[in-house]
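Going left to right, the sequence shown walks through residues 1 to 807 as full-length UniProt numbering numbers them.
Cut-off 27 Å, straight-line C-alpha distance, at most; resulting in silico cross-link-like pairs (DSSO-like, lysine-lysine):
hint, residue 1, residue 2
1, K60, K70
2, K122, K430
3, K242, K261
4, K390, K320
5, K308, K251
6, K137, K209
7, K251, K312
8, K430, K390
9, K209, K175
10, K430, K261
11, K242, K282
12, K289, K233
13, K79, K128
14, K261, K308
15, K261, K320
16, K209, K32
17, K661, K706
18, K374, K284
19, K242, K48
20, K260, K242
21, K209, K180
22, K32, K180
23, K233, K261
24, K312, K261
25, K418, K398
26, K139, K203
27, K418, K233
28, K396, K430
Simulated from the structure, these hints should not be mistaken for lab results.
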Amino acid sequence: MSTMADDKVTLTHVQVEDFQQCSICEQIMTTKGTEHLFLKSISVWINKPHVVNRRLCGSKIVDALRVYSKEEAEEAVDKYKSFYNTDTRNEADVGTVNSFHFTDLVNEAATFTVIIRELIPKSEFFPKLLEAVVYDKQKVSVSFIPIDQDCTGKTEDLKPTKELMYKFELLTNCKVNQIKLAWTCDHNDSDQSRTEISSQWLKSVLHEKLINWSQVENISTSVTSLQLVAVDKYKDTYLRLKNTYGRDLVKNWTESTDPKKFVYEDVAIAAYLLLIWEEDRKEKNLSRKQSFVDLGCGNGLLVYILTKEGHKGLGIDMKKRKIWGTFGPDIDLKVEAITPSADHLYPEFDWIIGNHSDELTPWIPVMAARSSYKTSFFLLPCCPHDFDSKFSRHEKGKSKYETYMNYVKKITVECGFKPESDTLRIPSTKRICIIGRRRSYEKVDELMVEERRQAFIDKGTVYKQSISNKDISKPCVQALKQTTDVDSHPPLPTDFIEVGLQTSTIASVVQNMMTPRHNKLAENSNDVCMHEEEDSLVSSSATSSLDSNYSLTCGEKRTIESLESTDSGFYEQETTHSVDNSGTKRRKNSTGTVSSGESQSSDPENTSPVDANSKFTFSQNLNGRNVGSSQVVKATQWATGFQLRAEQTVRNCQKVPEQIKFKIVETVFNHILAAPDSRTVLLSNGKTWTMGGSVALNKVAALFDKPTMQELKSECGGLQTLLRNHSHVFQVTGGFVQLRDFTVSDPWIGRKVKKVKNNRDLQDTRKTTLCWFDTHHPCGCPRTKENCQFAHGQDELRNKLSRVKLQ
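Based on the provided sequences and hints, a complete structural model is requested.
Shown next, in the form of structure tokens:
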């Protein structure tokens, strides 16, 4: 990509075949690929130029035209040139701008295909370039012709250059196929430097890439990342957030982790969410910006950026981070342990965010669905977790990550969302996000969907009880038993149990099947007893949706349709399987009974989630009340086996009591001085200094009693870690320990030095620790106090600077 000084560059008329036919301006390379693979490789370059040119962040297909003569193709290119090089643009003159989504040259049937694409630079220092891509089907050639350069902002002062036109053509008249590269070149131009740079890149990089791609079967030509947002808008938003917040956050980083990795990852996620929310506001005609809650917010950077961008938000995590204190009072961050329950629903927020939320990941679609009908969610899964345990399933032919992503999408479908997936551009191997912002059902069907939702959770949890003979006290089993004992009524299909209907829904179906015995059923089972208006509501909802619900689960129609209707960025052919119910009876938690004292309105609208401003919200309905016709598990717990992740204990010997550490260091120090191979070093001032010997670690361990060693074994590395923590005293290598040699200029020579973090240098730590040798060695420190990094006495000791002050 080259740069221009003027805002618009007028490109003269150039014919499609107007290339210099000289050996200097062409290059031919052989390939084992076919015409089909050649077109595939060119399609990769058209759709995904950023995989070759790292200065680009992608391309945007503006338009595509199909014509049947060379003259029509040239006329189309000229029309776009005149359109983009005029101040007044009439889109009607150039056809269907922004209306065509190109995928692959292989599928093009016209004699000539003209594709207009925009190359989007990664940096703001380079201009956007619009070019025409002309595919000649008969000659199997593809020409790339520059149309327009938008040189604004920081590109105004850059030197103008002439863009190259270039062409790739497949030659099949030889024994082996060849790919020919040709480019335009003005040999009379005195300044050939820019042309040489561009042509060299075409020859050595792009041409060779195309050769390699043309020999790969089943190469993917479609873009898999940033499918749900416009690439050019994403780039602009990302750069703006990076300049506004990113640099200051890196500079003032207070954590021990790598700031660039975490800061710019959250900047990228924030840029993506802002564009998703902007599109969401347009689609739903919203005037206010969306609110959000980030569950497991970690360092809180995402909450900080989104809040600063005008979105009201809350971040919740089990542990407070140091950097929270630098954000200011307007950033709402809270320490709280989140348990999936009715106590942790958020109807007052529009979106629930789960960014590497680990054990909460499978629950976030559930929490969003139960918070309110309008609540959406954004998930970026990392560590695989099920509802109440580690995720351990594995699908044949797929990685564990792919298997888990399929499972999370299935949860999304079962919760009533239409899942959308996309691949983010972040410095992480786990880059696929799942978004739930559209429901697959109407609001009036909330109760029926909640039945299916809870049934899926029951089947997905480890801790559940089976329906067996000993469960005869359960109302659903009583109802089924009564039904099957009556000869005059056909038995209830066992599939109804496998579908996952809750207790009262089954009971209401039974009541409809045995209307004359309605009162007797109510007498025999108080748990199923309902008011008349409850019966009418539940029965009507159950009977109206029963057949569709049954075929939906067994036939998997709704699940598959939901996924096929969305734009998935993970698989080209995505298959989803519903819960396998064949030959398996549904197992149900014993707490899922129906309360008899709660009455429900006959108005279906009243049973659906309502706005957060209403007095009676869906979250309140879940809190110990009937949801639809079943009672959700206790408000304090939706899954018996769910366990919050325990806080990781520090195991680097820092928790060992100071008295024990001092005792160990002193004992080892004296033992090394008294070692048989102890040696003496002559110092520059004429004095001698005892260096001590080298002692094996197993012999050092034998110096201490069993309780002391057991306490050290509970730490990572044990005794060896403790000694290495005192690197200013000991040197541990190859299973042996000796004193650090401060008689040489560099006592740490040969030691692997970690990268310096937070701009911390030796001057910041100088004289912040007492010199062990000055205090405990019989000969004192071999260095003078001026040359020693450590303090010789309390009067030299300095306070250690905090990381905040080091910025």
